[in-house]
Amino acid sequence: MIERLTNLDWYKGTTLLDALDQVLEPKHPSHKPLKLLLQDVYKIGSPIKPNMVVTFGPSWLTTEVKSIEMHNEALLEALPSDNVGFNVMNFVVKDLKRGYVASDSKNDLVKKAANFTSQALKGVRDKVQLATKFGVSFAGGKLDISSWKIK
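Mind the numbering: the sequence shown is residues 70 to 220 in our numbering, read in order.
Keep in mind the hints are simulated off the structure, nothing from the lab.
Keep in mind that this is a model prediction, so the values were computed, not measured.
A few of these clues could be false.
Below, in silico cross-link-like pairs of lysine-lysine (PhoX-like), each with a Cα-Cα straight-line distance of 25 Å or less [said to hold, decoys possible]:
1. K96 / K175
2. K166 / K135
3. K101 / K166
4. K135 / K104
5. K104 / K163
6. K163 / K181
7. K181 / K101
8. K96 / K81
9. K175 / K104
10. K118 / K180
11. K181 / K96
12. K104 / K166
Taking CB as the label site, the calculated pair distances span [said to hold, decoys possible]:
13. N159 / N184: 27 to 37 Å
14. P95 / E138: 34 to 44 Å
15. V122 / G82: 45 to 55 Å
16. N76 / D177: 51 to 61 Å
17. R73 / N141: 14 to 24 Å
18. G82 / E133: 47 to 57 Å
No residue lacks a Cβ here, since even glycine has one placed at the ideal position from N, Cα and C.
Kindly produce the complete structure, drawing on both the sequences and the hints.
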């Protein structure tokens, strides 16, 4: 797994450590407008940027963010890749669903995508390789993706 062994000279694939070293760290584009995927919706809100007006797609409901929180600590803003909770007011919880996307109402509202770029890897029995087919989860369900190209 970490280094090549002489008793496994028949194995021509990369070691696990080499395969992990080849995985590129995702870029965190903090200069882009807010797009926040809802992982789950809870009735009890937890303490984006306070006072930011957000719109949830695909329902197009709009409200103001009252507070944001990470690990029970209040934040002044959340950055890309942060896992946070945020509190909104004047909303019926059942109107929001897992998979909805929150976006800044004043800067580039969320919209349907004609295409997207993703990094997809799959582990198989003897090697780690680029995936040829994978599934995507979204607000309305799941979709198998098999038509794609490498950039």
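Discussion item. Which constraints among the numbered hints does this structure fail? Numbers only, ascending.
Written reply: 8, 14 and 17
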